Amino acid sequence: MANAPHRFRNGRSENAVLDGFLALADEWIARAADAGGAEWFRSATNDIVHAANDRTLGVAIGLAPRRLGKADLALTDDDRQRAAALRPGFDPSDWSIDQLARVAFMIASHDGNDVAFAARFDSFCSSAALNELIALCRGLPLYPGAALIEPRAREAVRSGMKPVFEAVAHNNPYPGEVFGEDAWNHMVVKALFIGSSLWPVQGLDARANPHLARMLVDLARERWAAGRPVSAELWRCVAPYADAEGVAALTRVWQGGEGKDRLAIALALQHPAGASVDLPFREEVVQFKTRLAAEKIGWRDVA
Amino acid sequence: MIIDPHAHMISRTTDDYEAMAKAGIVAVIEPAFWLGQARTNVGSFIDYFSLISGFERFRAGQFGIRHYCTIGLNPKEANNEPLAEAVLDVLPRFLAKEGVVAMGELGYDEQTPAEDRALRAQIELAKEFDLPIMIHTPHRDKHAGTLRTMDVLKEHNFDPARCVIDHNNEETIRDVLERGYWLGFSIYPQTKMGSERMAVLVENYGPERLIVNSACDWGVSDPLAVAKTARLMAQRGVSAEAIRKVVYGNALAVYGLNGEMREEHWLAPAPIDQRTLYEGNSVLRGGQTPRIEQPGRPVDELRIT
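For the protein sequence lines, the chains are A and B, in the order given.
With the first letter of the first sequence counted as 1, position 5 gets the number 99 in my numbering; the numbers rise by one all the way through.
With the first letter of the second sequence counted as 1, position 150 gets the number 138 in my numbering; the numbers rise by one all the way through.
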């Protein structure tokens, strides 16, 4: 077998996250793939490190599922802890083996030049097939030069393809860390707009803001006018920063909504900023708080 | 179950997808071809190849139909030589992608030297990337052009068992069968092949290596052509086994050669595929007669939700 991939064989600069990730990928792929697949992964990675142009990378990214399959990685708790220790927020829990390989290939192409890497990443995303784009976007928190790849990350959340949107928005620390307020707000509103969910979005509570609360109340009113249901998750980013219209909307939901809506509002009011919102039903929320704690109800349960 | 192995779905509507799914079509192949108007720069080709391997794949999945594609520089546009050079340079970027089942449509239009050069270069690329080839036979001077295409394939030692010669008719079928190629027939109103003529061909030549497709695109064409032809053949007494070969099995055999199109994709989709691009479909099990429904909703259906 070839040796485990090493980015610095060409004297490349050290980057603990990139190298740590490649080591994890090598270990997990060796475990999840058959011997031929694992050997292919190693030699493809080494070829990419030494390649003179991007053709090697493109072919390796394309062939990954054919050579490795698309099985779930089936990570253990220990694996997940190592991922998060390597890069806070990095959560490959539901990655498949081909996705891991594709991100590893992209990262192996980094030769110390973050600007060149960002250009390469952008170029590959622009001609990526559907599953390639999903994989490349899942790798966002790992890539160097986070600000340089932000335009492409924003392009991905503009996508009409839900799985591409979710590759950026869900289980990914990148948007919460890098997106400005406008980009963040649009991503959160879009998640609900396209029928996706909010609970897998990292950093939601920390990045709640009055402007987002207003946009979400508008969305709820639009849905009510159309006779369409409103996700209970929507109130999560409304309750802490509700203005007069927000309070009116929350009151309407509290009085007329389902039990899940009430639980969601009670959950949302646990946000520190929620304490100062003047709500007519504040007294009633208390008993729900007891239930939340007793039944260990979280956001996933009300989605 | 039906496969339509030649359908330019980027030109079709969601009504078409719904009707195709209802008629039992489980998979389509979208060959790269020209758009009705010549492209002016290589970026347009890159976007087009990305679209048919990206968004269109996703869109089809929303209707429970599996979408595959072929990649290639079409003969018409091979005549813009500087552009053709640039397109040939970017092709390798797309040939290893998921869901790419062949190179195509390749071949001749006016049989110019530029078309010849592009064809030969792409046959070599197909060998390098281990891909089958879908050949577009010319509209004019068809018989001679078809023979010439097969001569060139032979000169490059390309295995006929890995190649579909498309848009055949009564004039070309014998030569193409004799040389061992797969044969595509495009049921295309008024020009290429009609469903009754197709039924007669299957009766006379048998179902081996014959493949029916709709070639539906931006012209007057019918995305249900394969399903309708299957029903017509059934009415004329063609055996279920023969029908299954020409509307399903043969296409799967040749376009499944590189492993990118497999029956399990629609019969038993992997959970990860269902999460990402495939909404699932109530497929017709083998042997059932496909239902035919007209595209579009009833005219008196005014309630839009």
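Quick caveat, the hints were computed from the structure, so don't treat them as lab data.
Keep in mind it's a predicted model, so treat the numbers as computed, not measured.
Beta carbons: idealized from backbone N, C-alpha and C, even for Gly.
Some clues are possibly wrong.
Examples of chain A residues lying across from chain B (beta carbon under 10 Å, computed) [said to hold, decoys possible]:
#1 Gly152
#2 Ala158
#3 Pro159
#4 Ala165
#5 Ser220
#6 Ser221
#7 Asn225
#8 Gly254
#9 Pro257
#10 Val324
#11 Gln349
#12 Gly353
#13 Lys354
#14 Val380
Checked hints:
1. Because the smallest distance between the Cβ of Gly152(A) and any Cβ of chain B comes to about 5 Å, under 10 Å, the interface hint for this residue holds.
2. The interface hint given for Ala158(A) is met, as the beta carbon of that residue sits about 9 Å from the closest beta carbon of chain B, less than 10 Å.
3. Against a cut-off of 10 Å between C-beta atoms, the interface hint on Pro159(A) holds, since the closest Cβ of chain B lies about 6 Å away.
4. Annotation: interface hint on Ala165(A) holds; nearest CB of chain B at approximately 8 Å, less than 10 Å.
5. A hinted interface residue such as Ser220(A) counts as satisfied when its beta carbon comes closer than 10 Å to some beta carbon of chain B; here the least separation is about 7 Å, so the hint holds.
6. For the restraint placing Ser221(A) at the interface with chain B, the shortest Cβ-Cβ distance is roughly 5 Å, inside the 10 Å limit, so the hint holds.
7. For Asn225(A), the shortest C-beta to C-beta distance to chain B is roughly 5 Å, which falls under 10 Å, so the interface hint holds.
8. Proximity of Gly254(A) to chain B holds as hinted, the smallest CB-CB distance being about 7 Å (cut-off 10 Å).
9. Interface restraint check for Pro257(A): the shortest CB-CB distance to chain B comes to about 4 Å, inside 10 Å, so the restraint holds.
10. Interface restraint check for Val324(A): the shortest CB-CB distance to chain B comes to about 16 Å, outside 10 Å, so the restraint is violated.
11. For Gln349(A), the shortest C-beta to C-beta distance to chain B is roughly 27 Å, which exceeds 10 Å, and the interface hint is violated.
12. Of the supplied interface hints, the one on Gly353(A) is violated, with its beta-carbon coming no nearer than about 26 Å to a beta-carbon of chain B, more than 10 Å.
13. At a threshold of 10 Å, the smallest CB-CB gap from Lys354(A) to chain B is about 23 Å, leaving the interface hint violated.
14. Hint status for Val380(A) relative to chain B: violated, with the closest Cβ pair at about 39 Å, above 10 Å.
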